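Asker: Sequence:
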Amino acid sequence: MSTPERLAQALNDHLHRAQPISDEVVQFARTALGVDAEDQKALWRAVDDDSPEREALVELLLFPRSNLVEELEPLLAQECYSDEDEPRIVERLLSFNPGARFALPGGGTLTLPLRVEDAQLLVRRLRIGKTAPEDLRQAVSGRFDAQHAARLMALLRHESWPDTPQSRFLLSGVLERLSDKEAATAEALRYACRLLASLTPDAEPLAALKHRHAETRRGLERARRFQAMRETMNMETLMARGVREPNLDPAALEHELALQDAICRAAYGLPVSDFGPAEEDLGEFDGEEGARRLLDIWGE
1 MSTPERLAQA
11 LNDHLHRAQP
21 ISDEVVQFAR
31 TALGVDAEDQ
41 KALWRAVDDD
51 SPEREALVEL
61 LLFPRSNLVE
71 ELEPLLAQEC
81 YSDEDEPRIV
91 ERLLSFNPGA
101 RFALPGGGTL
111 TLPLRVEDAQ
121 LLVRRLRIGK
131 TAPEDLRQAV
141 SGRFDAQHAA
151 RLMALLRHES
161 WPDTPQSRFL
171 LSGVLERLSD
181 KEAATAEALR
191 YACRLLASLT
201 PDAEPLAALK
211 HRHAETRRGL
221 ERARRFQAMR
231 ETMNMETLMA
241 RGVREPNLDP
251 AALEHELALQ
261 DAICRAAYGL
271 PVSDFGPAEE
281 DLGEFDGEEG
291 ARRLLDIWGE
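Read left to right, the sequence shown gives residues 1 to 300 (the UniProt record's numbering).
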C-alpha cells in the first residue's frame, strides 16, 4: 500500500466510526438551524447540497478532533508527507466512496456524503506537511510513552510557530527538561509555540519571554491593587473616582508567571526574573503629557 493510500485508508476508517458530534455542532443546530441536535431529519436537510447552511455545518463537522490528530500522528511522522501529497490523498479517499458518519445525542446517526471540497478541507486541516523536526521528535520519544509522545507531536503540528534555530532551542528545552508529566509539558509547549508565533522574524525568544513576563507582572500588580481597594471601598465609590476594574484574574496571572519561569528555566537554565528586567523603548517624556506618562509607568 502506498503512503497516500495508508493515510486515506486511516481517514476512511475513522470517518465510518460514527464519531459523536462536537459541542460546536450542537450549538450551531440550536442557533442557526433552530433545532435540537437530536433532530436527524433537520440535520439531513442541512447537509443537503442545496442547503444554504451546508458549508458552515460541514466546516464544524469536519474539524479534526483531538482523537483523530493523535491517532494519525505516528503515521504522519513516519511517512513525512508534504503538502504536495494532498491531492493524491484526497483522490484516494474519495475512491472509497466515503460518507462521514456522526453519532447524534438522541442515538441516531448523520451521514455526510463527502464532496471533493469536503475531502480537501479535511486533509488540509491535518497539516500533513508540518511534521516536527527530527530533533524535537527525538526529545519527545526519549521521555514519554508512545501515546503521550503522539499528543505532544500533534500539538506541535497544529500550533503555528516559526521553524528557526532559536525556536527549536526553546521548544527542545521544554520537551527535554520541563516536566515528566505530559499535561504540564503540553501546557508549556502550547504557551511557548504561541509566544514564538507572535514574534517578528528577528526577535529573540528570551527577550520576548522577559517582555511578556514584565507585562504579566504589571497586570498582576494592577489586579492586586484593585483587590485591595475593593476591600475598603464599594464599586460605586470606585466608579465615581474613575477607577476601572481590570479584566484580570490574579490567580491566572500568577499561574502564567510560573509557567513563563518554568519555560525559561527549562530552555535557558534560569527563571525569567534572574535574567534582569526586559529592555523596553519607553519613548520620549517631553512636556506635561510626558511627565504624566512617566508617573504612570512608575506607578505600575
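Each hint should be verified, as a subset may be incorrect.
[Said to hold, decoys possible] Pairwise CB distance ranges, derived in the manner of DEER restraints:
| # | residue 1 | residue 2 | range |
| --- | --- | --- | --- |
| 1 | GLN9 | PHE63 | 56 to 66 angstroms |
| 2 | GLN78 | ARG125 | 17 to 27 angstroms |
| 3 | PRO74 | ALA42 | 33 to 43 angstroms |
Don't read these hints as lab results, they were simulated from the structure. None of the values given here were measured: they were computed from a predicted structure. C-beta atoms are modelled at their ideal positions from N, C-alpha and C, and glycine is treated no differently.
Asker: All the hints need checking, so say for each whether the structure fits it.
Answerer: Hints versus structure:
1. At about 21 angstroms, the beta-carbon gap between GLN9 and PHE63 misses the expected band of 56 to 66 angstroms.
2. With their beta carbons about 20 angstroms apart, GLN78 and ARG125 fall inside the hinted range of 17 to 27 angstroms.
3. Checking the proposed 33 to 43 angstroms range against PRO74 and ALA42 shows it holds: the Cβ atoms sit about 38 angstroms from each other.
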